[in-house]
Amino acid sequence: MKILNRLPVITTDTLAYVGDEAVRFRDAQIIVWMSITSRKTTELSPTTPRFPVILDTGHSRHFAIQEQHLVRWSGLRANSLPILGNIQNRDVEVTVLGANLWIYLNEPGRSTFTTKSFKLDSMQGVEVFPDRNNHPRLPLLGLRAILSNHLQLTVDSKTKTVSLSTPDWRDRIVRWFR
Amino acid sequence: MQIILTEDQRLLAEKGQAVEVVDSTTNQKYMVTIQRVAEPKPLEEVPEGIRLSIEAFKRDLPELLSNKKTKGRWVAYNRVTRLGIARTGIELEDKCVALGLPQTEFYVGWIDRCELNDDDEIEYRPHVDGGWYEDS
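Residue numbers (the working numbering), protein chains in the order written: chain F, 173 to 350; chain D, 14 to 149.
One or more of the hints may lead you astray.
What the hints assert, rightly or not - Only pairs whose alpha carbons sit at most 30 angstroms apart, straight line, appear in this in silico DSSO-like list of lysine-lysine:
1. F/Lys212 x D/Lys84
2. F/Lys174 x F/Lys332
3. D/Lys84 x D/Lys71
4. D/Lys42 x F/Lys291
5. D/Lys84 x F/Lys174
6. F/Lys291 x D/Lys81
7. D/Lys82 x D/Lys108
8. D/Lys108 x D/Lys81
9. F/Lys291 x D/Lys84
10. D/Lys81 x D/Lys71
11. F/Lys330 x F/Lys212
12. D/Lys108 x F/Lys288
13. F/Lys174 x D/Lys108
14. D/Lys108 x D/Lys71
15. F/Lys288 x F/Lys174
16. D/Lys71 x F/Lys212
17. F/Lys212 x D/Lys82
18. F/Lys332 x F/Lys288
19. D/Lys28 x F/Lys291
20. F/Lys212 x F/Lys291
21. D/Lys71 x D/Lys82
22. F/Lys332 x F/Lys291
23. F/Lys174 x D/Lys82
24. F/Lys332 x F/Lys212
25. F/Lys174 x D/Lys81
26. F/Lys212 x D/Lys108
27. D/Lys108 x D/Lys84
28. F/Lys174 x F/Lys291
29. D/Lys71 x F/Lys291
30. D/Lys42 x D/Lys28
31. F/Lys174 x F/Lys212
32. F/Lys330 x F/Lys288
The set of hints was computed from the structure by calculation and includes no laboratory data.
Since this is a predicted model, take the numbers as computed values, not measurements.
Throw the hints in and build the complete structure from the sequences for me.
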């Protein structure tokens with residue numbers, strides 16, 4: 173299944189809107205659109221709020237979001253999700269909450285996202301950062317989410333596009349021989 | 014430098030406006046605003062059902078990692094009880110929901126070495142000026 177099909181990488185600073193809130197995408201960022209729901213949600217409603225997320229392979233965990241974005245953009249309250257743990261890092265306390273993550277499929281070769289989505293295995297939770305440091309500026313989808321879902325990520329520097337897919341039968345055979 | 018505000022200036026600052034003050038030593042003017050620093054919230058407790066499930070998972074993880082059949086798969090626990098192993102965590106989560114387990118009573122873990130890290134680190138990217146890296 174192709175989740176991101178030759179999605180263009182952002183090549184110039186761009187403004188986008190989440191509701192009526194302007195957010196800036198920057199050059200050389202991979203922007204995907206996602207939704208968060210409670211773990212009870214097994215099918216995504218078309219009315220579920222969606223918001224932009226940076227696909228950031230430099231982020232070593234699954235998914236990071238500021239609490240204010242979680243509340244404003246996903247429509248969820250942090251205290252409505254179960255706590256899976258806490259991470260104390262320097263002076264920042266990050267709460268790990270159990271939630272389901274959904275990533276929207278793009279139209280092939282375009283930055284337009286469809287209503288179809290792929291549910292990520294996100295059992296290890298999402299990291300919710302306190303608002304006071306304004307970090308992360310936009311939510312981050314980290315490398316561990318790609319790895320734990322056994323996804324294939326390809327960056328084509330010539331066309332400046334990114335593809336993300338579940339392995340098909342050919343990939344499985346190639347993996348088996350490795 | 015000690016900043017002394019008049020009552021009027023204090024009222025303006027409380028309203029969020031910048032107030033001009035002068036350093037009496039250098040005669041340098043400054044604009045001052047109030048920056049409220051949020052108090053860090055105390056860490057919230059992990060529900061007992063999840064905590065016990067995670068402990069059971071961590072206890073079994075070395076053995077699960079050493080088995081080629083289970084490495085890379087997902088495993089679900091309800092407190093000390095292992096509910097199953099599957100190719101995806103979603104299958105297991107659906108199973109937990111179908112069993113009627115509340116969200117606070119189970120944990121689904123990935124059988125991977127990264128789960129061995131108790132000392133989880135989140136990579137920060139401070140900006141050169143000491144602030145937070147803005148891009149991500």
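Results for each hint:
1. F/Lys212 x D/Lys84: Satisfied, since the Cα-Cα distance of roughly 27 angstroms is no more than 30 angstroms.
2. F/Lys174 x F/Lys332: With Cα atoms ~17 angstroms apart, lysine 174 of chain F and lysine 332 of chain F stay inside 30 angstroms; holds.
3. D/Lys84 x D/Lys71: holds (14 angstroms)
4. D/Lys42 x F/Lys291: Violated: lysine 42 of chain D and lysine 291 of chain F sit about 56 angstroms apart, past 30 angstroms.
5. D/Lys84 x F/Lys174: holds (25 angstroms)
6. F/Lys291 x D/Lys81: Within the cut-off at roughly 26 angstroms; holds.
7. D/Lys82 x D/Lys108: holds (20 angstroms)
8. D/Lys108 x D/Lys81: holds (24 angstroms)
9. F/Lys291 x D/Lys84: holds (22 angstroms)
10. D/Lys81 x D/Lys71: Roughly 18 angstroms separates the two Cα atoms, so the pair holds.
11. F/Lys330 x F/Lys212: violated (42 angstroms)
12. D/Lys108 x F/Lys288: Roughly 24 angstroms separates the two Cα atoms, so the pair holds.
13. F/Lys174 x D/Lys108: Status holds; Cα separation ~26 angstroms.
14. D/Lys108 x D/Lys71: Roughly 21 angstroms separates the two Cα atoms, so the pair holds.
15. F/Lys288 x F/Lys174: Judged against 30 angstroms, a Cα distance of about 11 angstroms means the pair holds.
16. D/Lys71 x F/Lys212: holds (24 angstroms)
17. F/Lys212 x D/Lys82: It holds: about 29 angstroms lies between the C-alpha atoms, which stays within 30 angstroms.
18. F/Lys332 x F/Lys288: holds (23 angstroms)
19. D/Lys28 x F/Lys291: Distance of about 45 angstroms is beyond 30 angstroms: violated.
20. F/Lys212 x F/Lys291: holds (13 angstroms)
21. D/Lys71 x D/Lys82: holds (18 angstroms)
22. F/Lys332 x F/Lys291: Answer holds: lysine 332 of chain F to lysine 291 of chain F is near 25 angstroms, not above 30 angstroms.
23. F/Lys174 x D/Lys82: OK: lysine 174 of chain F and lysine 82 of chain D at ~27 angstroms, within 30 angstroms.
24. F/Lys332 x F/Lys212: Measuring from Cα to Cα gives roughly 37 angstroms; hence the hint is violated.
25. F/Lys174 x D/Lys81: Since the Cα atoms of lysine 174 of chain F and lysine 81 of chain D sit roughly 28 angstroms apart, the hinted pair holds (cutoff 30 angstroms).
26. F/Lys212 x D/Lys108: Status holds; Cα separation ~11 angstroms.
27. D/Lys108 x D/Lys84: Satisfied, since the Cα-Cα distance of roughly 20 angstroms is no more than 30 angstroms.
28. F/Lys174 x F/Lys291: Between lysine 174 of chain F and lysine 291 of chain F the Cα gap is close to 13 angstroms, so the pair holds against 30 angstroms.
29. D/Lys71 x F/Lys291: holds (25 angstroms)
30. D/Lys42 x D/Lys28: holds (21 angstroms)
31. F/Lys174 x F/Lys212: holds (25 angstroms)
32. F/Lys330 x F/Lys288: Distance of about 27 angstroms is within 30 angstroms: holds.
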